[in-house]
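Asks: Top to bottom, those sequences are chains E and P.
Taking my numbering as reference, the numbering of the first sequence is continuous, increasing by one, and the terminal residue is 334.
Taking my numbering as reference, the numbering of the second sequence is continuous, increasing by one, and the terminal residue is 1278.
Keep in mind the hints are simulated off the structure, nothing from the lab.
Nothing false has been slipped in among the hints.
Anything over 10 Å on all C-beta distances counts as not near chain P; from chain E, calculated:
1) L34
2) I55
3) A73
4) K75
5) A84
6) L89
7) T167
8) I171
9) R183
10) L184
11) R221
12) K226
13) P248
Here are the simulated distance ranges between beta carbons:
14) P:T1155 to E:N258: 29 to 39 Å
15) E:N212 to P:K1267: 18 to 28 Å
16) E:D52 to P:K1267: 38 to 48 Å
17) E:H173 to P:A1204: 50 to 60 Å
18) E:D174 to P:R1154: 48 to 58 Å
19) P:V1240 to E:D256: 26 to 36 Å
Cβ coordinates follow ideal geometry from the N, Cα and C atoms, glycine included.
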Amino acid sequence: MTKNRKKSIWVFGDYRNYYQNRVTLQLIARAVALAKTIDAEVCALIFGYEIDEWIMEYTAHGADRILAIDDPALKSYSTERYLAIIEKLAKERDPEIILIGATDFGREFAPRLAKRLKTGLSADCVGLEITEDGLLLQIAPSFGGNMLAEIVTEFHRPQMATVRPGTFKEIPHDYERTAIVERLPLMKGLPKPRVRLIEYERSIEKEHTIENASVIVCGGRGMGNKEKFKKLQELAKLLGGDVGATRPVVYAGWADHNVLVGQAGKHIKPKILFSFGISGAIQHTAGLGEADFIVAINKNPQATMLKMADVAVVGDASDVLNHLIKELRKRIRE
Amino acid sequence: MLKLVVCIKQIPRVTELPWDEKTGTLRRDLAAGMMNPACKHALEAALQIKETLSAKITVITMGPPSAEEILREALALGADEAILICDRLLAGSDTFATSLILKEAIQKKCPKFDLILCGAYTADSETAQVGPQLAEELDLPAAAYVEKLEIEGRTLRVRRLVDNFRETLEMEFPALVTISMENYKPRYTGLAGLENAFEENDIAVLDAKSLGFNAASIETKGSRTKVRKVFLRKAPKGNVILQGAASHVVNEFLDKYQRKIGTVIGKSIEEKNLNDKK
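Work the whole structure out from these sequences, hints included.
Replies: Okay, here's the thing in structure tokens:
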């Protein structure tokens, strides 16, 4: 193996839907920044059938090199085929780093790839840096994002991470850019996939669940009683959202177990979270993931939930709720 | 008879999180435990298979001695056999090491398995990596985030929703699946069952040595990643604090954020009538 080859940061080209493709672009952008620090090139991997569109796009967004395999046998995603292909390529070319989007596909595929390459992998990173000793610093969340861990793979290569979508900003496209495009033939003798894709269809809209609701109105013991708690439903309805509850409230029978939000219940990631009368015990906040915008209402100005919030309202939860419902009824226009 | 293996994990109830500042790992010995919710779903899937087909369920976990509790719980729910992998030498394993250790244990205790079920992810470290890595260790066909399982002879058919694609996949036994939290709602443990499970002494305990590991081999074959630092995420943002009479606060809030809320809910929210403000 020639060791004088330039170091390479590989980005797996995940393009199956719009959202997956955006993550790929975000990873290319981050790889470009990291590559500067360690004097490496950014290499995008694209496997599929009729993939010129992606070759063009990843070049325009910052890749220095593209490794492409265009073959009808790769028409649909296959973890097993991709594993065999990258295993061969990685053994030939020795990448320093491999980045993969933390899409559902990426999070199923990357662990197997890391295992096959006998290297480390961190999951769903929300930050990537280069340490002073030149290692990839992988910043990964745990306990619903309440904790962050800084992880390194010291002695094995490639260093691998899956990265949470939306963590990095893509570089604007530049169709004047050029990259070295290596079009490789599909290797011979790849094992036949043992998992057979029988049917698949694009699900236009994910079925509506509290896990993917964009507005959630959560209530805790601070709502006072069951009757007052039930009024959260009115606010949720006005905002097209769902009601969530804390454990004490579920135990008290004010709400069903299937709306329990927290470590032992649902993990949510709404765009707006209203939190009424919730103190913010970690059993609950461990389920909040990455709520974009939190509005918390609590009598106690020291409540953790208020400290986590973008807007902290100090006051009686039920009282504020009633006024909010009344005021929204007046103001909302279809 | 089908041989099912369910890998489960005890996670800390997060009332307090005793972190070891030096190693950056959780002092699991200090935290009260519970069965990871997704693992409960995986166990439920196995129990439902056993309700319709002839099957034997082996549950397996790695953890401190207290992890025995979740094995007892699984036995009470209907599992037939339980294995605890427990050794200080194995503490702090990352997913690479954990999947290797699980493989050794499965090959030792139930090499003729048909299907391995894992929870899709754990609520503590949330990597979702051990299932796929165990599949790789054992060279198995596998599917993650499975919502529904059907078995016909030696063929396993699974349904799942991944990246907005609804997929149906098929594979032959032996295979591995990780079970999502969408379906297979866990049943409750009856108290009587739990008491019985605590009376029987049928948990096999495996230590590092019995799996062929020693300090040196764990060092070379084990964890690939190292946690350099763990920290609590700081209160994220410089927050806006509103206080005063509820009606006043609500109006102030809506005036300030009407556009933001309107965008998310796809409706417009009017600013307060100027006359009302006086």
